[in-house]
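With the sequences and hints as input, model every part of the structure.
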Amino acid sequence: MLKKILREVVRFLTPLEIVSTQAMRRYSWGLVALLLILWTFVKLPFIPKFGDTLSAFGTLWTTRGLFGEILTSLKLNFYALGASSCIAFGLGYLSTIPAIRPIVIFCTKLRFLGFTGLVFLFSLYIGTGFRLKMSLMLFAVTWFYLMAIVAIVRGVTDDRIEYGYTMRMGRWRTLWEIVILGTLHETLGVLLQFAGYGWAILTAVEGLSRSQGGIGVMILNSDKYLRIEDIFAMALAIFIVGVVIDLCGGVVIRRKCAYAFIKIGRRA
Amino acid sequence: MITDFSYTTGETLLRIEGISMAYGKIKKNPDGSIASAEHLILDGISETVSDIIRPNMTQGQIVCLLGPSGRGKTQLFRIIAGLQKPTTGQVLIGPEGTVVRPGMVGVVSQFYPLLEHRTVLQNLVIAGRQAGLTKVGAREKAMHYLDRFGMADKADQWPVLLSGGQRQRIAICQQLMCSEHLLLMDEPFSGLDPIAVDNVTRTIMEVANENEKNTVFVVTHDVTAGCTVADTLWLMGRDNNPDGSPTSGSYIKYKYNLVEEGLAWRPSITEEQHFLTFVRDIKRQFKEL
Numbered sequence: 003m004l005k006k007i008l009r010e011v012v013r014f015l016t017p018l019e020i021v022s023t024q025a026m027r028r029y030s031w032g033l034v035a036l037l038l039i040l041w042t043f044v045k046l047p048f049i050p051k052f053g054d055t056l057s058a059f060g061t062l063w064t065t066r067g068l069f070g071e072i073l074t075s076l077k078l079n080f081y082a083l084g085a086s087s088c089i090a091f092g093l094g095y096l097s098t099i100p101a102i103r104p105i106v107i108f109c110t111k112l113r114f115l116g117f118t119g120l121v122f123l124f125s126l127y128i129g130t131g132f133r134l135k136m137s138l139m140l141f142a143v144t145w146f147y148l149m150a151i152v153a154i155v156r157g158v159t160d161d162r163i164e165y166g167y168t169m170r171m172g173r174w175r176t177l178w179e180i181v182i183l184g185t186l187h188e189t190l191g192v193l194l195q196f197a198g199y200g201w202a203i204l205t206a207v208e209g210l211s212r213s214q215g216g217i218g219v220m221i222l223n224s225d226k227y228l229r230i231e232d233i234f235a236m237a238l239a240i241f242i243v244g245v246v247i248d249l250c251g252g253v254v255i256r257r258k259c260a261y262a263f264i265k266i267g268r269r270a
Numbered sequence: 004m005i006t007d008f009s010y011t012t013g014e015t016l017l018r019i020e021g022i023s024m025a026y027g028k029i030k031k032n033p034d035g036s037i038a039s040a041e042h043l044i045l046d047g048i049s050e051t052v053s054d055i056i057r058p059n060m061t062q063g064q065i066v067c068l069l070g071p072s073g074r075g076k077t078q079l080f081r082i083i084a085g086l087q088k089p090t091t092g093q094v095l096i097g098p099e100g101t102v103v104r105p106g107m108v109g110v111v112s113q114f115y116p117l118l119e120h121r122t123v124l125q126n127l128v129i130a131g132r133q134a135g136l137t138k139v140g141a142r143e144k145a146m147h148y149l150d151r152f153g154m155a156d157k158a159d160q161w162p163v164l165l166s167g168g169q170r171q172r173i174a175i176c177q178q179l180m181c182s183e184h185l186l187l188m189d190e191p192f193s194g195l196d197p198i199a200v201d202n203v204t205r206t207i208m209e210v211a212n213e214n215e216k217n218t219v220f221v222v223t224h225d226v227t228a229g230c231t232v233a234d235t236l237w238l239m240g241r242d243n244n245p246d247g248s249p250t251s252g253s254y255i256k257y258k259y260n261l262v263e264e265g266l267a268w269r270p271s272i273t274e275e276q277h278f279l280t281f282v283r284d285i286k287r288q289f290k291e292l
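Read top to bottom, the protein sequences are chains Z and P. The first sequence begins at 3 in this note's numbering and counts up one residue at a time. The second sequence begins at 4 in this note's numbering and counts up one residue at a time.
Treat the hints with care, since some could be wrong.
Stated by the list, open to error - DSSO-like mimics (lysine-lysine), calculated; alpha carbons at most 30 Å apart, straight line:
hint : chain 1 : residue 1 : chain 2 : residue 2
1    : P       : K138      : Z       : K258
2    : Z       : K258      : P       : K144
3    : P       : K256      : P       : K30
4    : P       : K88       : P       : K258
5    : P       : K30       : P       : K88
6    : P       : K256      : P       : K216
Bear in mind the hints are in silico, worked out from the structure with no lab data behind them. Note that this is a predicted model, so its numbers are computed, not measured.
Below, the structure written as C-alpha cells:
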C-alpha cells in the first residue's frame, strides 16, 4: 500500500507525467481541503481565521447587502466585457484589412497608457457614475484584449487562407470561415481570460468612482475602518464569483467548440 | 484488369502556356518573355492535358509531376491551382480556355486541411455551396462522395477524429465538390509506409475513375509510387552548364505516356519486370534532373 502511494507521489512530481482526470480531481480537492485546514487552525499575524472570515461573510450578506453589491459589480463587469469584446473582436478581425491594420496596431500600443491620470479627463468628457466606471474599465481592458485577438488572427497561416480560396471562397467568406470561425475556440478562450481580468481590476475602478457602490467600494469602506475579517470575506466572495464565471465560461466554450477539446492519445 | 490500352484524345482539359516564374531583378523582352532574372525558378513551361477516351471504359487520367526537391514543383503546383500568378504565361482551364482562378482546380495539400469547426458532411456541403449548388443538391452530392469513398458512416464526425487516410479521402471529396474535374495532390505519398502508399494509390485511381473527365495531378518525388499511379509522367528538371552546375529555370524535361508503354495501373503492376525496368530507368534519369 505504502509502495503504491509512494509511486503515485513520484508520478505527481514527475514533469510531463500523464495522470488520469479522476486522480487529478482527487488531488486538487485534497489541496483545497489542506488549505482550508491550515487556514482554520494555523494562526498568522493579520490574517483572520477561516471561521472568522465565514462569520464576517454571513454578516455582510445578511446585514450589509453584499449580494446586491456583487450584482452591481457583476453588471458593470459584464457591460464592460461586452463593449470591450465588440471593440477587440471588431478591430482584431478588421486588422486583416491593410488600411485599418496601422490603426489597430496603434490601438494595441495604448495598453502602455495607464488610466489613473486620465480619470479627471474621462469625468469631464463622459460624466460620473456608471458611464465613467464603464469607460475606465474599457480603457483598462480593451487594448490588452485587442492585442490577444490580433495575435490569434495573425497566427492564421497563409496555407489556411489559401485553403479557403481553393473552395472558391472570396476574401470576406474566407475571413468568416477560416479566420473568425476557425479560431473561435481560441478567441472565446481569450474572452474568458479577460472576463477574469476585468473582474480582478473592477474593485480598483470602483474605488476611483465610488458612486453607485459595488463590492470595490465596500472593500474600501472596510479598509478605512481596518475591518480585516470583512476585507477577507469580500476577497473570498470576489474569488468565488471569479471562479464560477471561469467555470461557466469554460462549459459554454466546451459546448460551442467541442471539436477543439477532443484529445486523442496522451491525456493530461 | 486493363488489357486494352488504345485511346484517342478528346477536348482540352488544361493548357499551360509559357509559364515562367522569377524573383528579384527581372528584365523582360518586348514580347513579354523573360530576358534575364536574378532567380529564375520556372522557364517557359508549355503543356496541354487532353481528355483521354478509351474504348468501352469510363476512366479519367493521372498526370504525375516528378522531380527532385528544389526544382519548382510546388511553384508550378500553385500556379496551376491559381494560387500564384506566374511572371509570364498563363494556365487555361477547359475547352473554352478560361484563365485559372482559385477554386477551379481542386487542391489537396500534404496535410489534408479541413474545416475543423465543421463536421465531415458540413465540410463537403460548404464546398458544394461555394460551387453554386443548392443546399439539397450539395448534401446529395456530398453523400454520394461519402458513399463512393466508403466514408458515409463518418458524415457527422469532427475531422479531428479521422485517421490520416480518412482525412485524405475527405479532403479529396471536399475539393471534388467544388472543382471542375481537375485535382492537384501535393506529395500524397510523403512519409507513408508501403501499405499506406498502396491505399493512397487506390484512392487516386478511384478519384480518376469517378468521372472520365477527372484528371488528377500528383506532384511527388517518390519515383516508384509516381510511376505506379500515373498515365502520364512529367519529369521536371534543369539543364547543366558545361562545368556541370545546373542552369537556372526548371522545365518539363522528359515526358512519358505510360498507357502507350503498357504500364497503365493494374493491381500487380509493381511486380512486373517491364515496370521495374522502367522505374529503374526513370531513377537513373532522375539524377540528371
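Evaluation of the provided hints:
Between K138 of chain P and K258 of chain Z the alpha-carbon distance is near 23 Å, which keeps this suggested pair within the 30 Å criterion. With a C-alpha separation of about 28 Å, the suggested pair K258 of chain Z and K144 of chain P falls inside the 30 Å cut-off, and the hint holds. A threshold of 30 Å between alpha carbons decides the hint, and for K256 of chain P with K30 of chain P the separation of about 24 Å falls inside it, so the pair holds. Note on K88 of chain P and K258 of chain P: the hinted pairing holds, with a Cα-Cα distance of about 25 Å set against a maximum of 30 Å.
A distance of roughly 17 Å separates the Cα atoms of K30 of chain P and K88 of chain P; the hinted pair therefore holds under the 30 Å criterion. A C-alpha spacing of about 26 Å is found between K256 of chain P and K216 of chain P, which places the hinted pair at or below 30 Å, so the restraint holds.
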